[in-house]
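Quick mapping for you: the protein sequence lines, in order, are chains W and Y.
Just so you know, the working numbering puts 429 at position 87 of the first sequence, and the rest follows in order with no gaps.
Just so you know, the working numbering puts 507 at position 165 of the second sequence, and the rest follows in order with no gaps.
Just to be clear, a hint being listed does not mean it is correct.
Copies of the same chain look alike in the list, so a pair counts if it works inside one copy or between any two.
Said to hold, decoys possible - Listed next, the in silico BS3-like pairs over lysine-lysine satisfying Cα-Cα at most 30 Å (straight line):
#	residue 1	residue 2
1	K560	K367
2	K558	K697
3	K442	K790
4	K625	K494
5	K413	K588
6	K574	K397
7	K560	K413
8	K397	K790
9	K490	K728
10	K736	K766
11	K454	K707
I should point out that these hints are in silico values taken from the structure, not numbers from a laboratory.
Protein chains: 2
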Amino acid sequence: MYDIIIIGGGPAGYVAAERAGEHGKKVLLIEEDKLGGVCLNTGCIPTKSMLFSAKTYNHALHAEEFGVTIKDASFDYSKVKERTENLQDKLRSGIAALMKMNKVEVIKGTAKITTRHSVAVGNDEYETQNILICTGSRPFIPPIEGLKNNDKVITNVGILAIDKMPESLCIIGGGVIGIEFANLYAMAGKKVTVIEMLPNICGATDKELGKTVQKKLKAMGVDFHLKATVNKIDDGKVSFTDKKDKTTTIEADAILIATGRAVNTENIGLETIGIDFDRKGIKVNEKAQTNIPNVWAAGDVTGRWQLAHFASRQATVAINNICGRNDICREDAVPSVVYTDPEIASVGITEDIAKERGIEVVTTKYPLTNNGRYLAESNGERAICKVIADKTTKQLLGVHMVGPHSSEMIAAAAVMIETELTTKDIEELIFPHPAICEVIHDAMFNLK
Amino acid sequence: MYDIIIIGGGPAGYVAAERAGEHGKKVLLIEEDKLGGVCLNTGCIPTKSMLFSAKTYNHALHAEEFGVTIKDASFDYSKVKERTENLQDKLRSGIAALMKMNKVEVIKGTAKITTRHSVAVGNDEYETQNILICTGSRPFIPPIEGLKNNDKVITNVGILAIDKMPESLCIIGGGVIGIEFANLYAMAGKKVTVIEMLPNICGATDKELGKTVQKKLKAMGVDFHLKATVNKIDDGKVSFTDKKDKTTTIEADAILIATGRAVNTENIGLETIGIDFDRKGIKVNEKAQTNIPNVWAAGDVTGRWQLAHFASRQATVAINNICGRNDICREDAVPSVVYTDPEIASVGITEDIAKERGIEVVTTKYPLTNNGRYLAESNGERAICKVIADKTTKQLLGVHMVGPHSSEMIAAAAVMIETELTTKDIEELIFPHPAICEVIHDAMFNLK
């Protein structure tokens, strides 16, 4: 009899296993593929590794600006890929070691819930007090004619597996995943086209930040077709209708499908024991608990934030509650990052969400071009930090930035929002100088 | 009659002037040289600009590691200097514009306090309700034989003014300033020797962090002589005695004096009106107020933290109190950064200070090599995040890190310390993934 059986070894599952192990619980982790989930195997980690190499290459191409002359630079994709795979191996070994250290049993196989207290893997059945479902998500494949059984069509999984970068790439979907790949390929000098249904890129991200990145990508030669619908695909040819009802066909060496994610709720036995779920995912409360009290779920499969760090936190909340520590998963300060160059990072509500929810806010847009470090370390192109506070209380509600180091600075903003600081409280904090994070501080003085 | 006369236009003075202007006060700012103080003219800003260029060059030299082949890279100091000077001009214009926008009168000249309510500049005398002294500091010149009237001897002012980098540089003083120049010159391929009296570099910085940077600099060819005393200088020859009582003479094209700072308390009339000060600086209370209630002082001249951002905060505190907002200058969460490669950033107490003050603490050292983004974006060399909490309450007291982005991440730690979060509170926060700032979060689980 296990204390907890965890299904899925991604950022929800393996973090839950680690925490439960630390609490001395008897834990079984079942993973059908590799430890680390989408994040480590076909998501965050390989893309960030490749993006860093591409940024290194791109920074070298523009080094003249900083008084550094570089005559001959080239981007060697096979080396980049090899380095990335080595990194992934290392991180997977790290997780395996962590499981061992915390006495977590790990088995490879496909799990199926058979009763509220048992899970089968093949012919073996395991009994448990609690079940934690962390089965994640997969690429959503839209029903487009000519998409299936087409060698030129790939998802995030396929594009990371190829050995040679295609010379031209058509990306269907201008959300975060699509835009990161657009940036990677554009920095490597490839021809990129992005086709997106919405009028803006990067999904729910503040539109102005998305536009800043879009402008930069355009300058690098990326073609954008927004408010556009793909009609059909034929080999490498993609036919789409744009906002002016004009139909165009473009051709590319590869077509990347980046049209969102579908939750993995099939074939795990949710129906067998009557777990409440729909096509958006498994329904959980703030404790990450399903309608069945000893069955929990965390991560993408719960259909909330499709972010590795949210998955880890939600999984930790489940384990804390299982172990008797009352804990809830707050969602007011979940940071999100787009690892483009420049980076976008956000936490808290956007102006659009404030409007939707009827929250009266004050907003300021602080230009990074007022910041000493930013000017010292960039070419001075437009970049901003947008700060949103409650109109009456002046409590900080959102920070949205585009520019270097945003991904790391956003943690400070997350702490401020979570601790419910007001603009006056933040005015009294001391930020390092010269640092780009000073812009968060400086913005406060404009929020009157 | 002015509301406030501010003496000195550095990060204390010009920020005070801006804030006072925002409050509608009638402000006179007196600066004898250029606006921006040491920070903008001969300190933080030019060094960070040059360091960024040198890091760009150095990163190019090691780009192979990331799959980028660069055949021929060179560091063009004259271009780097020109770019830096343009940046400084731009930032000085920015301050001038800020003064104008906030209706601050600025005059160039040397100020002398004549009464508690008047300040003279040459033959002109100006009356005021309040005086704020922000005269800053200058390089401390130690009484070493052969140092004066020696063309080869320079300070931070001189080294930033020269047109050509000397091929070899001997740095007397291994504090933060000395080490940043050591790194700049080493990255540019110059021969660097550092002579320091203390057994460690970077002053009061956590010793282990200093050692990490020292090791990296050593690998780049920098010679360190710690616990060493300089006996005399003769032209380019520096004679010093080391910890084993051995006397050595080395020769260098230039000798940089980086042996700390002396406060600028002379010739401003402190004695005339009886302001309490000693060789460490003007004594102020938590409100930045001197022993004379309408006379205030902020920044380096108060002899506390010799950091631009502390100066700005202390100056803001003075203005807030002058304007009737009760505000005190807390010092528990003052971040400090060493802009070497890798960067060092610290906030709160070190283990040494905890011992000194008799605070019982728990400490953990979290290796950045456990972090996905760090491994993706580095060569995997040793880097750490050291976290210190109160043993009983588990309140966070200090964060000390060495590694990329430290300067920007430290803001998050400063907020956590200032808001008195415990390790349990921080466990419940959500950090972005993959990001190096996650190490602060991960470290919490080890602080039991």
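Violations among the numbered hints, reported as their numbers in ascending order: Hint check: 1, 4, 5, 6, 8, 9 and 11 fail, others pass.
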